[in-house]
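Make one complex out of these two single chains by using the hints.
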Amino acid sequence: MVAIEVKDLGIKFKLSRFKATRVKTVLLSLISKQKETEQRDHFWALRKLNFTLNNGEVLGVIGSNGSGKSTLLRVIGGIFVPDEGSIHVEGRASALLSLGTGFKDDLNGIENIYLNATILGFTQKEIDDVIEQIIEFSELGRFIYEPVKNYSSGMKARLGFAIAVHLKREVMLIDEILGVGDFKFRKKSTEKIKELISDGRTVILVSHSMESIRNYCTKCLWIEKGVQKAFGETNEVIEKYLAS
Amino acid sequence: MNRSQYISSFRSILKYLVRGELKIKYKSRMLGVLWALIDPLMLMLIYLLLVKFIFQRGGPTYAVELLTGLIAYRWFSTSIVQASRALVSNGKLLQTVRFPFSVLPISKVLINGVDMLVGFGILFILTFFFDIQPTLYWLWLPVLLLIEFQFIIAMSLIVSVVGIYFRDLLNILTFGVRILLYLSPVLYNIDQLPGDYQTLYMILSPLAPIIDAFKQVMIFGHHPSKFMGIFVLLSAAAWLIAVHLYRSRPNLSKDL
Chain P
1 MVAIEVKDLG
11 IKFKLSRFKA
21 TRVKTVLLSL
31 ISKQKETEQR
41 DHFWALRKLN
51 FTLNNGEVLG
61 VIGSNGSGKS
71 TLLRVIGGIF
81 VPDEGSIHVE
91 GRASALLSLG
101 TGFKDDLNGI
111 ENIYLNATIL
121 GFTQKEIDDV
131 IEQIIEFSEL
141 GRFIYEPVKN
151 YSSGMKARLG
161 FAIAVHLKRE
171 VMLIDEILGV
181 GDFKFRKKST
191 EKIKELISDG
201 RTVILVSHSM
211 ESIRNYCTKC
221 LWIEKGVQKA
231 FGETNEVIEK
241 YLAS
Chain F
245 MNRSQYISSF
255 RSILKYLVRG
265 ELKIKYKSRM
275 LGVLWALIDP
285 LMLMLIYLLL
295 VKFIFQRGGP
305 TYAVELLTGL
315 IAYRWFSTSI
325 VQASRALVSN
335 GKLLQTVRFP
345 FSVLPISKVL
355 INGVDMLVGF
365 GILFILTFFF
375 DIQPTLYWLW
385 LPVLLLIEFQ
395 FIIAMSLIVS
405 VVGIYFRDLL
415 NILTFGVRIL
425 LYLSPVLYNI
435 DQLPGDYQTL
445 YMILSPLAPI
455 IDAFKQVMIF
465 GHHPSKFMGI
475 FVLLSAAAWL
485 IAVHLYRSRP
495 NLSKDL
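Chains as they are written, first to last, in the numbering used here: chain P, 1 to 244; chain F, 245 to 500.
Calculated directly from the structure, the hints in this document are not laboratory data.
Just so you know, not all the hints are guaranteed correct.
Beta-carbon label-pair distances, calculated as ranges [stated by the list, open to error]:
| # | chain 1 | residue 1 | chain 2 | residue 2 | range |
| --- | --- | --- | --- | --- | --- |
| 1 | P | K187 | F | L484 | 51 to 57 Å |
| 2 | P | N50 | F | G335 | 29 to 35 Å |
| 3 | P | E211 | F | R273 | 51 to 57 Å |
| 4 | P | V2 | F | R255 | 47 to 53 Å |
| 5 | F | S272 | P | V227 | 18 to 24 Å |
| 6 | F | V476 | P | E139 | 52 to 58 Å |
| 7 | F | G276 | P | D128 | 27 to 33 Å |
| 8 | P | K229 | F | V476 | 55 to 61 Å |
If you only want the chain F side, here are some residues facing chain P, beta carbon under 8 Å, derived [to be verified]:
| # | residue |
| --- | --- |
| 9 | N246 |
| 10 | R247 |
| 11 | Y260 |
| 12 | S272 |
| 13 | M274 |
| 14 | R301 |
| 15 | V332 |
| 16 | S333 |
| 17 | Q339 |
| 18 | N495 |
| 19 | L500 |
30 Å max Cα-Cα, derived BS3-like pairs, lysine-lysine [stated by the list, open to error]:
| # | chain 1 | residue 1 | chain 2 | residue 2 |
| --- | --- | --- | --- | --- |
| 20 | F | K267 | P | K149 |
| 21 | P | K168 | F | K296 |
| 22 | P | K149 | P | K7 |
Idealized CB from N, CA, C, for every residue including glycine.
Okay, chain F solo, but in the shape it has when bound (with noise of 0.2 Å):
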């Protein structure tokens, strides 16, 4: 096969499972695409209950800063713990056919995009309720969208590769990212933490920066931190592993 051919059938592959998965989701259930909706509606409910009015914490615009942080964070989780079984539970397909084994995993983060587009819709309609003004810094929007995108494919790909050799990875997954979600600035803002370990947190929490971004240029009326950077370096990183993953395994199919 060469390139040419490998990209096209790579993205029909991926337009086919994608098309097909959504399809199950939404189609297969009463609620249908509703779901999309519900779910980090709900979500924000829950916390919106504990923060503001049990443990009387947030500011006025405390809805709209958790949620903002909540659907940047499950497009991540969701996907993560999604990919790792991505390559595992095809093992079948994977030792039959010959494909770019790449869009499993890929096609799960698209299909939790779908799920962080429908989140944005909500949220900019939330805006509106809260007296938040569309300012210029969305513009930065569709740009630190991209940047999450690529890391969260990354991610995706390794821990794809790795749920093959260590099966217990799932297990992990599944209690990491919910460590992961009071590790980052979701129900709490950076600035409420003590001012010595902001630096400190913003590099040692993965999805700090980012999450931080997406609630700086939304509401706050900023631009996304100088930790963006620290972000970056990580994507890239993380791509030299996961390319270097895949590249050094051309009999992934044996080890299933």
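Just chain P, same shape as in the assembly (with noise of 0.2 Å):
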């Protein structure tokens, strides 16, 4: 079964100098819709976009820094709507691993995971069901009944981590490079991350490491500059990104 479906995919942003500063414009801007700009003014981080993925599938994406990785991420997260082109998700996908993005630094461990995890979809009761684990996972110990105002950011990052992890949808997007905390941590995270991997679920895994997404992925993909550059079986796409 399809779980990703994605066609002549495009995804622009205006350019900043273009942004409208100028009362008139903001006006405009506002009574219209969000139109077609003009050429000069954005750029497109994403275009051409084609590729299916089947239930169950690990795709690894590659790619230079700023090639549109992470945009990638958050158009299959649902949080772009595509500018051309379309794209379809079976399911839900979980939110980029955010590391405590939307932590509220007076509140406690317990209380930013509660709220954390409502925003990131997820009801009361599927929140009960894991939130000890979260906290067993998160090793903040007793420190989780202190504002994480006065957590290190390596425990903000922990906590964030164990509550992504934790809370599960069909689609699972990582983002490899936010591995976070000290060695011992660090280790427990990749081992998550491959026992999520392992789970049978669709995953997306943007990496700069060859050599985990030549261990975890089935199908890969490679783009450059928001383009498509190739697209298939893991082994063949490494090679070619590594003989450019």
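Structural data, given as structure tokens:
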């Protein structure tokens, strides 16, 4: 069964130097819909992407910095709506591993878990079911009752990671660059990601490590400057990428 | 996400947001929830001093009239100013997760609504000291609160989106609500204006009908004026704009 189908997908961004700053342009832009802008005011972060992913497949996304990998994850996660072409995701995709965006500094760990997880779209019951595991995985101990502002950045990231990997969706989006914490925790989080991948879910993995892409992924997508360079069997795509 | 999932997710996010922010607001301060009492009272005392003792104006129930107006006004002004930053200041979050963004401005209205209710608590106590008897007209209060509530929500939704494209909005609003205070019947009553101008005033001053209505039912024992109709029309227009702004911007988070 098809899990993700992407057809001629295009996403464009306004360039900030053309962002409306004058009152008149602002008013005009508010009245009209978000419409076609002039060629020169925007750039295509992604264009003419075409691929299909089946249920349970693991897709690795590779490409240099700024090639549009994160933008692609955002489109699959439903945050950006295509400006061109279409995307269909069967079921719901998880959010990007957000590592604590949306935490409220003055609330304690548990309160933040509930707040964060409801924003991610989970119900109270779904959260109740995994809260113990989240707390245990985050290794925060009694700090879980402390306001998040007293956490170190590593602790915050651990909590964010724990929330993201315990609240699962049909399609999981993983940005491996966000490997967090000290050596021990990183090992544990790698294990957890492996577990997610072998769970039979559809996974999109963004990584710069060809080794992990080779290890985990059944398919691979190489994009460069928003354009699809190759899509197909992992080893073939990686060879092309390395040869370039 | 289907419709019922959407609504239930909307409600639970709102619940945790409001609960969390209320806790931050009140629990983290020494005087806690007392601030909700002190804030409007202090404001009232300042204006009372100014009008009653320096300008020697205002009738015997002036303090209660003032507080009624202030509470209704402040619910609007504080919510609007906070809502104008609600989306902008959460840019990162909006680019990470897809959720019903409108909960952010709406939560501000609810949080300030708690202050408003506490304010009404004080008001009821004050009416006792100023010898204002409860009347059947008070039954209008929940209706008026609902009418004001939906208006503030519509306006908050509008400013939250406009705030993304027009960053000066916060500065403008800070002054704007200040001016609005003097343009609204808070420190004075409508009947103190020259007769010819009263109708024009009620039409041009956006909050005038609702603030006047609160005073009429609470203190003067009258029904709300016919100008409430204008206020309801204004709300309808605000809702049209608000819904259009959100509907026409599925890619809102890209503009942050």
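Quick rundown of the hints versus the structure:
For the pair K187(P) and L484(F), the beta carbons lie near 56 Å from each other, so the given range of 51 to 57 Å is met. Range check, N50(P) to G335(F): about 31 Å between beta-carbon atoms, so the 29 to 35 Å window is met. Against the hinted window of 51 to 57 Å, the Cβ-Cβ separation of E211(P) and R273(F) comes to about 52 Å, which satisfies the hint. Our hint of 47 to 53 Å for V2(P) and R255(F) is violated, since their Cβ atoms are close to 33 Å apart.
In this structure the supplied range 18 to 24 Å is violated for S272(F) paired with V227(P), their Cβ-Cβ distance being about 50 Å. Checked against the hint of 52 to 58 Å, the C-beta distance between V476(F) and E139(P) comes to roughly 56 Å, which is consistent with it. Taken as a hint, the range 27 to 33 Å holds for the pair G276(F) and D128(P), whose Cβ atoms sit roughly 29 Å apart. Range check, K229(P) to V476(F): about 58 Å between beta-carbon atoms, so the 55 to 61 Å window is met.
Of the supplied interface hints, the one on N246(F) is violated, with its beta-carbon coming no nearer than about 11 Å to a beta-carbon of chain P, more than 8 Å. Annotation: interface hint on R247(F) violated; nearest CB of chain P at approximately 14 Å, more than 8 Å. Hint on Y260(F) holds. Least Cβ distance to chain P is approximately 4 Å, under the 8 Å limit. Below 8 Å, beta-carbon pairs count as interface contacts, and S272(F) has one with chain P at about 6 Å; its hint therefore holds.
Interface hint at M274(F): violated, since its Cβ lies 15 Å from the closest Cβ of chain P, which is beyond the 8 Å cut-off. With its C-beta approaching chain P no nearer than about 39 Å, R301(F) sits outside the 8 Å limit, and its interface hint is violated. The interface hint given for V332(F) is violated, since its Cβ lies 13 Å from the closest Cβ of chain P, which is over the 8 Å cut-off. Using the Cβ-Cβ criterion of 8 Å, the hint placing S333(F) at the interface with chain P is not satisfied: the shortest such distance is roughly 11 Å.
The interface hint given for Q339(F) holds, since its Cβ lies 6 Å from the closest Cβ of chain P, which is under the 8 Å cut-off. The interface hint given for N495(F) holds, since its Cβ lies 5 Å from the closest Cβ of chain P, which is under the 8 Å cut-off. For L500(F), the interface hint is violated, since its Cβ never comes within 8 Å of a Cβ in chain P; the closest pair sits about 11 Å apart. For the proposed pair K267(F) and K149(P), the alpha carbon gap of about 15 Å is at most 30 Å, so the pair holds.
Taken as a hint, the K168(P) and K296(F) pair is broken in the structure, with Cα atoms around 63 Å apart against an allowance of 30 Å. Taken as a hint, the K149(P) and K7(P) pair is broken in the structure, with Cα atoms around 44 Å apart against an allowance of 30 Å.
Going through the hint list in order, the structure does not satisfy hints 4, 5, 9, 10, 13, 14, 15, 16, 19, 21, 22.
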